[in-house]
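These protein sequence lines are chains A and B, in that order. Here the first sequence is numbered in our numbering, starting from 2 and rising by one per residue. Here the second sequence is numbered in our numbering, starting from 362 and rising by one per residue.
Treat the hints with care, as some may be off.
Said to hold, decoys possible - List time: in silico EDC-like cross-link candidates among lysine to aspartate or glutamate, alpha-carbon distance up to 16 Å: (1) LYS597(B) x GLU656(B); (2) LYS657(B) x ASP420(B); (3) LYS424(B) x GLU663(B); (4) LYS400(B) x GLU414(A); (5) LYS675(B) x ASP481(B); (6) LYS657(B) x GLU356(A); (7) LYS591(B) x GLU663(B); (8) LYS476(B) x GLU414(A); (9) LYS636(B) x ASP454(B).
What the hints assert, rightly or not - The following residues of chain B were derived to be distant from chain A, with all beta-carbon distances above 12 Å: (10) ALA393; (11) SER396; (12) ARG450; (13) HIS456; (14) LYS476; (15) PRO549; (16) TYR550; (17) THR556; (18) ALA596; (19) GLY599; (20) ASN629; (21) THR658; (22) ALA660; (23) GLU682; (24) GLU686.
To be verified - From chain B, some residues computed to sit far from chain A (all C-beta separations above 12 Å): (25) GLU431; (26) PHE434; (27) LEU446; (28) LYS515; (29) ARG525; (30) ASN554; (31) LEU561; (32) ASN562; (33) GLY563; (34) ARG634.
Since the hints were derived computationally from the structure, they do not count as laboratory data. Glycine included, every Cβ here is placed at the ideal spot set by N, Cα and C.
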Amino acid sequence: MEWNWDLILQLTWQQFGYWWVIIPATILGIVVGALPGFNAQNTLIILLPLTLTMDVSLALTFMIAVYCASHLGGGIPSILLNIPGNGGAAATCIDGYPMTKKGLGQQALVLSFVASVFGGLIATLLTIAALPILAQIGLYMRSVEMVVVILFGLTLIAVIAARDMLKGLIAGAFGLLIGIIGTDHVYSTPRATFGFLELYDGVPLVPVLIGLFAISEALIMIEEEMIVSESGRQHSHTVRWEDTLDGLKMSLERWWQITWTGLIGLVIGIIPGAGASIASFVAYQQSRLFSKTPHLYGTGHPEGVIAPESANNGVTSGTLVPMMAIGVPGGSTAAVMMIVVQYHGIVLGPRLFTERPDLAYGVFVSMAVCYILMILTILPLARYMSRVVLIPIKYLVPLITMLTIVAAFAEREYVFDMGLALAFGLIGYVAHKTQFHVTSILIGVILGPLFEQYLLRSLRLSQGDPMVLFSSTIGNVLWAMLVVSLLLPLWREWQLSKTEADAKFGGEA
Amino acid sequence: MTHLTRRSILQGTVATLALAAPAIRRAEAQAAFPSRNMKVVIPTNQGGGADRLARTFDDHWTKMIGKPFEYDFYPGAAGQVGYELFVNRRDRDGHNLLFGNMGPEMIMYTLQNPKYKFPDDFQYFCRLDVDDSVLFVRAQSPFKRIEDVVAEAKKRSVNVATSRIPHPASIGVLALGSATQSKFNLVPYAGGNPTMVAVLNGEVDVGVLPGANPIAMGDRIRILTVFNNKNALAAKMGNAPPVNQVFGTKIPDLYSSRAWAIHTEVINKYPDRFKLLNETAPKVFDVPAYRAEYEKTGAPIESVQYGDRDTCTKYAMAMIELANEYRSLLTGKKG
Chain A
2 MEWNWDLILQ LTWQQFGYWW VIIPATILGI VVGALPGFNA QNTLIILLPL TLTMDVSLAL
62 TFMIAVYCAS HLGGGIPSIL LNIPGNGGAA ATCIDGYPMT KKGLGQQALV LSFVASVFGG
122 LIATLLTIAA LPILAQIGLY MRSVEMVVVI LFGLTLIAVI AARDMLKGLI AGAFGLLIGI
182 IGTDHVYSTP RATFGFLELY DGVPLVPVLI GLFAISEALI MIEEEMIVSE SGRQHSHTVR
242 WEDTLDGLKM SLERWWQITW TGLIGLVIGI IPGAGASIAS FVAYQQSRLF SKTPHLYGTG
302 HPEGVIAPES ANNGVTSGTL VPMMAIGVPG GSTAAVMMIV VQYHGIVLGP RLFTERPDLA
362 YGVFVSMAVC YILMILTILP LARYMSRVVL IPIKYLVPLI TMLTIVAAFA EREYVFDMGL
422 ALAFGLIGYV AHKTQFHVTS ILIGVILGPL FEQYLLRSLR LSQGDPMVLF SSTIGNVLWA
482 MLVVSLLLPL WREWQLSKTE ADAKFGGEA
Chain B
362 MTHLTRRSIL QGTVATLALA APAIRRAEAQ AAFPSRNMKV VIPTNQGGGA DRLARTFDDH
422 WTKMIGKPFE YDFYPGAAGQ VGYELFVNRR DRDGHNLLFG NMGPEMIMYT LQNPKYKFPD
482 DFQYFCRLDV DDSVLFVRAQ SPFKRIEDVV AEAKKRSVNV ATSRIPHPAS IGVLALGSAT
542 QSKFNLVPYA GGNPTMVAVL NGEVDVGVLP GANPIAMGDR IRILTVFNNK NALAAKMGNA
602 PPVNQVFGTK IPDLYSSRAW AIHTEVINKY PDRFKLLNET APKVFDVPAY RAEYEKTGAP
662 IESVQYGDRD TCTKYAMAMI ELANEYRSLL TGKKG
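Okay, chain A solo, but in the shape it has when bound (with noise of 0.2 Å):
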């Protein structure tokens, strides 16, 4: 695996003339990210016919252009409706809705935008310049270091439930207790299933994102006349270039943090199993914790839409590492890419770097490519899409509704999972009213079993002893780091009391 400057230049020079590849392929991918139940998955597999037939480094731009696209377009309907394309996405609604109701949409849009774009391109570019180290992260990574990964993505939900601990650790267990429902990690069998043979596989994220986040905004939505308040409506009203122009200031104020964000979304992402969901939650946690300002997350705060979105996109090339150096996918969409690889009777692994570097660098390269030419592709569109929220209501929420129930029909094509979509519509909706956090519910569903999973694993390796949840270095030294991540608010608190008391009894006397 050596550095090839010549060769890298080439194949970029190559990438921009697959330009009209990129950006149609770019399109679709915001699209389908976009619309919750629609995936870079699930539709790379629909368009394999297409791809299989394809010279192997087009086909292989055309899945990332998708790929890249997907994980972008996921935070609009995060940002604009409060709806998450996906599970990547589930972060950005914390401060990106809040942003929206603010009149503050298309500034929210741009900083998606040029987070994810940014998050996306820098750890691109540094796989490409570190990528027999980066491949190593996977195999250093294993069972019980995920363990304390996945409890970082996990303490969010106290993050959460800080405003209101109780109700927040309420909704945190009740996600937990649903995602343990499906097949047991050790011997396959079903559990907690009432002989639904629809939840064999787990409760599916897609119905529950819907319900929990679509139909429950579009029933509070049914309250309201508009989306946006009284001021931010008029502020939509008057959408201009030079609120383009502020989200990208903003954005590029805060370019360290799309930097380190970025850098967790590929490490997360090299992990086989990890993904844009867990690297979404990790990253605003984090964020949060070293912001100087952590009491505005939550509220509308610009570092919480940076945060999930340059992380979802930091993944991309994370999960590619695995695939390209030792031959495993690192996910589902990667899983699909090999088929197209191994159609045309490439072997992935080491030997691919002396054997067929166009190819091995090539797919980086073409990544980077696509990140640079996604942002010029976008960026002018936040200007239109931020309209979304002038649409009356009585249009939006049944074109809403109508649109997630078939989304979430579509992923499994089960009728079953638009009855869950329902009921989870309104358990949604339930705990809007009542103050519970619906993002408490869903990272339970979401952290919940790969939790369960790996630390069922953990405790299998082993035979039950649970001091090997402490019997390695970097797991040790995560627990470290989590601990810190725990205390450091907490102390933070009280140093901010003790200053405010001293000010006070200083004031007095």
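Fit chain B to the supplied structure of chain A, relying on the hints for placement.
This is chain B only, laid out in the frame that chain A set:
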């Protein structure tokens, strides 16, 4: 005089359609088979071995039967979801097939008692491959021979990564433990790829899988033994010896076999349709391009072995018997 109203036109249309419907259905049923795309349920994840094998095969089968194949993946509950869905929710008209891994999925069938019956509800009719189960370690492992692994397993319980517990390869290592009084701790990783990663990153001492996967990993993996009385792929497995030859045990041949399956009702109700599928599928094995494409995937060509309906049924029944024999070890339940 009768007046034509919107309601009467609508009623007339509905009545005509209702009367014509059986005739339309009959005509459709009698139309040349296949009259639409073939739909295939795969009870494992996309991107896995079954997916790869099925697509390589259908490229050539399509040319013989005239319709392309579409795939749906239902890997839940060790394949149980895919099978239940195929048997109970797919039309039994020959346009729906299942492409499964007979070994592990028959073991799952025996242990889980699902809502379908073999061979009453479906039957395998075309075996594609025979992939012997192997035990392997990573290249840097201190275990150089299978004897080293067993010697260590007599001192302590050795962790073994497996795709899933209900699997012929898992039975192989459990049988080896029983026969040699050594201890193995099976850790399921839910798929061949994660199992390979667990061995490569040293999380487990050894792994067990069908041989094609470790062979494709090249020199990063060392295969130590094969659970078959003959090692047909010795040259590609670093001359790994058969387990029975090393220990004088009588462990049965344990291999995975991917096969096409169809509803039993189709075999009886539409014999002409089944005949077309059953007669064209074996011809794919004679297509040189198929063998060349199969080899390009990195899997050993020697594992491609056609088996007819009888061969498949015998193998499936043998797996049921084997699963019953090892039931307590595979389920973690006593008795």
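Tested hints:
With a CA separation close to 13 Å, the supplied pair LYS597(B) and GLU656(B) stays within the 16 Å bound. The straight-line distance between the Cα atoms of LYS657(B) and ASP420(B) is roughly 14 Å, inside the 16 Å bound, and the hint therefore holds. Distance check on the hinted pair: LYS424(B) and GLU663(B) sit about 24 Å apart at the alpha-carbon level, beyond 16 Å; violated. Our distance criterion of 16 Å between C-alpha atoms is met by LYS400(B) and GLU414(A), whose separation comes to about 14 Å.
Only pairs whose Cα atoms come within 16 Å are accepted, and LYS675(B) paired with ASP481(B) is accepted, the gap being roughly 14 Å. Using a Cα cut-off of 16 Å, the hinted pair LYS657(B) and GLU356(A) holds, with the two alpha carbons roughly 15 Å apart. For the suggested pair LYS591(B) and GLU663(B), the alpha carbons sit about 13 Å apart, so the restraint of at most 16 Å is met. Between LYS476(B) and GLU414(A) the CA atoms are separated by roughly 20 Å; this puts the pair beyond 16 Å, and the hint is violated.
Taking the CA atoms of LYS636(B) and ASP454(B), the gap is about 13 Å. The hint holds against a cut of 16 Å. Under the 12 Å C-beta cut-off, the non-interface status given to ALA393(B) relative to chain A holds; the minimum distance is some 22 Å. Separation of SER396(B) from chain A is adequate, the least Cβ-Cβ distance of about 19 Å exceeding the 12 Å criterion. A beta-carbon of chain A is positioned within 12 Å of the beta-carbon of ARG450(B); the least distance is around 8 Å.
Separation of HIS456(B) from chain A is adequate, the least Cβ-Cβ distance of about 16 Å exceeding the 12 Å criterion. Annotated as non-interface, LYS476(B) brings its C-beta within 12 Å of a C-beta of chain A; the closest such distance is 8 Å. The beta carbon of PRO549(B) sits about 6 Å from the closest Cβ of chain A, which is not more than 12 Å, so the claim that it is off the interface is violated. Listed as a non-interface residue, TYR550(B) fails to keep its Cβ farther than 12 Å from every Cβ of chain A; the least gap is roughly 8 Å.
Look at THR556(B): its CB is around 10 Å from the nearest CB on chain A, not clear of 12 Å, so calling it non-interface is violated. With a least CB separation of 18 Å from chain A, ALA596(B) remains clear of the 12 Å interface cut-off, as annotated. Its beta-carbon lying about 17 Å from the closest one in chain A, GLY599(B) satisfies the requirement of being farther than 12 Å from that chain. Its beta-carbon lying about 25 Å from the closest one in chain A, ASN629(B) satisfies the requirement of being farther than 12 Å from that chain.
Remark: the non-interface label on THR658(B) conflicts with the geometry, its nearest Cβ contact in chain A lying 5 Å away (cut-off 12 Å). Look at ALA660(B): its CB is around 10 Å from the nearest CB on chain A, not clear of 12 Å, so calling it non-interface is violated. Residue placement check: GLU682(B) keeps its beta carbon more than 12 Å from all beta carbons of chain A (closest about 20 Å). With a cut of 12 Å on Cβ distances, GLU686(B) stays outside the contact zone with chain A, its closest approach being about 17 Å.
Consistency note on GLU431(B): stated as away from chain A, yet its beta-carbon is not over 12 Å from all of that chain's, at 9 Å minimum. At roughly 8 Å, the least C-beta separation between PHE434(B) and chain A is not larger than 12 Å, which violates its mark as non-interface. For LEU446(B), the requirement that its beta carbon stay farther than 12 Å from each beta carbon of chain A is not met, with the minimum near 7 Å. LYS515(B), annotated as away from the interface, keeps every beta carbon of chain A farther than 12 Å; the closest lies near 16 Å.
Chain A draws ARG525(B) into its interface by the beta-carbon criterion, the shortest separation being 6 Å against a cut-off of 12 Å. With a minimum CB-CB distance of about 5 Å to chain A, ASN554(B) fails to clear the 12 Å threshold, and the non-interface call is violated. A cut-off of 12 Å between C-beta atoms contradicts the statement that LEU561(B) is not in contact with chain A; the least separation is 6 Å. In this structure ASN562(B) is not separated from chain A by more than 12 Å, as the shortest Cβ-Cβ distance comes to only about 4 Å.
Consistency note on GLY563(B): stated as away from chain A, yet its beta-carbon is not over 12 Å from all of that chain's, at 8 Å minimum. Separation of ARG634(B) from chain A is adequate, the least Cβ-Cβ distance of about 24 Å exceeding the 12 Å criterion.
Violation of the numbered hints given earlier is confined to hints 3, 8, 12, 14, 15, 16, 17, 21, 22, 25, 26, 27, 29, 30, 31, 32, 33; the remaining hints are satisfied by the structure.
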